[in-house]
Amino acid sequence: MKSIIMILIIALTFTGLALLIRCVSDAPFKFESAIVPEQLNDGWQVASPEDVNINQQALDKIYAAFISEDQYFNAKSLLVVKNGKLVFETYCRSPRDRDRFGHVQSVTKSITSLIFGIVKSEGYIDSLDETLYSIIPDKFPSDVTKQSITLRHLLTMTSGLSFDNNVFSVEIYADKPSDPIKYILKKPLYANPGEQFYYRDCDPQLISYAIQRLTGKTEQQWAKERLFESLEIRDYYWDSDHKGTTMGAHGLHLKPRDMAKIGQLVLDHGRWNGSQIVDSTWIAVATQKQIETLFQTKPYVYDYGFYWWIVPRWQAFTTWGHGGNFIFVVPEKEMVVVMTSMPDVDDDVVGTKLDDFEELISPLLEGS
Amino acid sequence: MSRKFKPWRFQSLFIVRALAALVIASIIFCEVLLAQENEIGESRGQYLGFHVSSGIDSYREDLLVPLGFHGPGISLGGNYTHRTENNSIDIRLKLGMGYLKNRYSHEAWALALEIRPSWIKKLAVHQKYGELWGGICIPLQMNNLYFESWDDAHLYWLTAHSLALATEWQKKISQKYKAMAQMEIPLVGWVSRPPTYRYNKQDALNHLSFHFTEPNKSLHFETLDDYRALFFQLLFKREMRRSLLNLGLEFQYNYCRNPQKIWGLNTSILLSYQWRIGS
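Here the protein sequences line up with chains A and B, keeping their order.
Quick note: the first sequence, position 2, residue 2 per our numbering, numbers continuous.
Counting from 1 along the second sequence, just add 368 to a position and that's the residue number in our numbering.
By construction, these hints were calculated from the structure, which means they are not laboratory data.
Ideal Cβ placement from N, Cα and C applies to all residues, glycine included.
Covered, in the sense of this in silico footprint (three residues per stretch, anywhere, with C-beta under 8 Å from a C-beta of chain A), are these stretches of chain B: (1) 417 to 429; (2) 512 to 525; (3) 569 to 583.
Derived, one-sided and incomplete: chain A residues facing chain B with beta-carbon distance under 7 Å: (4) Ala27; (5) Phe29; (6) Val350.
Each computed DMTMM-like pair below joins lysine to aspartate or glutamate, with the alpha-carbon atoms no more than 20 Å apart: (7) A:Lys353 - B:Asp520; (8) A:Lys30 - B:Asp430; (9) A:Lys182 - A:Asp143; (10) A:Lys187 - A:Asp138; (11) A:Lys353 - B:Glu516.
From just these sequences and the hints, can you work out the full model?
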C-alpha cells in the first residue's frame, strides 16, 4: 500500500509541476494597429494612398506580412512616404513607438556620410584622397602602409584595418581603451588600403574623429546645428565613446518619422523645405556605386556608395541598420520607406535583412 | 504565413492551474495517509552537503518580448545545516544554468545564483502528522538571462534579495526514510531589474565581474504587489549512520512587475548528500 502511495505521490507531483511550467506562457507581441498617419505639427504632411497613386492592395499585403508574428519578429514600425507626403504609418508592437526614439544601428553610418558632406562643403576637406595621417598624425603608428589610408578608403570601407564589428563594440564600449583612435589604428591590416571592401565600424569611427579634429566640433554638434535643427529633429540620442568622440558607425537613436525626413532630404538632393541642407553633389556621389561589395551573389546584389547601400534591382539606395532599420529611397518612384526594428537581435534568426525587407515592400516597388 | 497548431501553444491557464491544484491536493492527501502509518523521526546535528539537480527552466521577459523561453536546466550547490531539538539553521548555495528556447526555437541562456540562509523553529509536533517548523529566510537570488537571438548585446536579469517566511513539515515514514516539505514565501524584496531603455550599444559581457555587479546595482524596495516568489521543496531523506541521502523535487517561482513583467519558473529533481560533521 505504502509503495503505491509513494509512486502516486511522485507521479502526481511530476505531472503537476510540469503543468505549472505552462504558467510562463506566450502573449501576443504584435498587434493590429492604425495605418493612417495622423497629421501632427512635425514637418510632415499626410495624404491618403489614393492621393499619391499608391495601390491600397499593395499596402494591405505589406501590412499583413508586417504584423505576422511568424516573420519580421522584431519589427516595430513601417512608414511610407510618397511625393513628399506621409501616406502609411504603422507600429506593430506599440503605438507609443511613434513618439519615442530607438537605436538605428548602422543607419548612423549614412548620417555620418551626410555630416561629412556638410563638413566638406564648408571647405574643411579639399579632397577625398587626403590621407587620414595628414589630419591626425599623432594617432598613427609608424606603419607607412597604414599612413596611406585616405578619407575615400574610410568612406568605402576599404581601410584594410582588421577590426571585426562584434569585437569593435565590445572593445570600444566595454574595454574602453585609453585612446580609442590609437587603439583602432594599431589593429593589423587584412589588406592594403583601397584593395578590398570589408564592412567595418572602425572606418566611420575614424571619419567621425577626423571631422572632430578638422573642425573642432564633434560630429554630433555638426548634426545638431546643421542637420537635425533644419529638419526639426529634436528628440534623439547619439552615443559617444568614453573620450567624447561621436560614434560614427552606430549609436544614433531616432524616431521613425525623423528617419523618414532623412530619406526625404536625400531624395530631394539635400533640400528640405526649400533650403539646401546637404550639398547635392555630395548626395549624388554618396548614393552612387563607389565600391563593389562582398554581397554580389543573390539575393545580396548590393553595391556601396559612401555609407549608403545601393540596390540596383530597384534603382534605389538605402541605409541598413542591424536588426532591420532601413531608410529605403526610390528616386524613380519619389518614395521613401522606413522600417524600424529592435536593434540588437541575431539577424540570421530574428532580424530583418535587406533582402527580407525588399521582399516585404516589393508589392509597393513593383506596383505603379 | 499561416500559423499551424502546435500542442505546446496550449495556453488554457485555468485548466493548467486547476490540474496543478488537484495534484497538490492529492499530494497533501497522500501525505496524510502516510503520516497515519508512521512516527516522528529526527536527524539532529550539523551537516555539510552538496546537491545536484536537473529539471526544466522557464522564463518570460516582457522587457524584450512576451514569449516564454523553456528548456533544460542543471544546478549544483552545497549547504550547511545545524539542527537542534527545536531550532534549525540552514545555509544553501546554488548555481544553476539553463538552455532555453521559445516556440520559434530562438535561443537563450539562464544563469541563476542564490544563497538561502534560513532559521526555523519547531512550532508543533503531532504524533500522526509530523512536525511543523516555521521561521524566516533571506533568499539572495540572482537570475541572469542571455537572450542570444533577441538581444545579443545586453544582459537581462531579475535580482531579488528578500525577507521570506519559511515553513517546513517533516515526517518519518519508516525506520530509515523521512519526508520533508519546505516552503518559502518572500514578503518584501530588494529587487533589481534592467533599465526600460538601453542607451548603450553593448554591455560589458566579456567582463566576468559585470555579470555579478550589474544585476546587483539599483536595488529597490518592492512589496508583494510587485514582486512575488515561491520556493517549494519536497524531499525524501534516507538516514544513514553519519549521513543523509536526499531525493526530491524543487519548485521555484519568481515574478516581478517592474519595469516590465518577468516570470521565472524552475522545476527540478534534486539529489543531495549530507555528511554529519558534528552534533
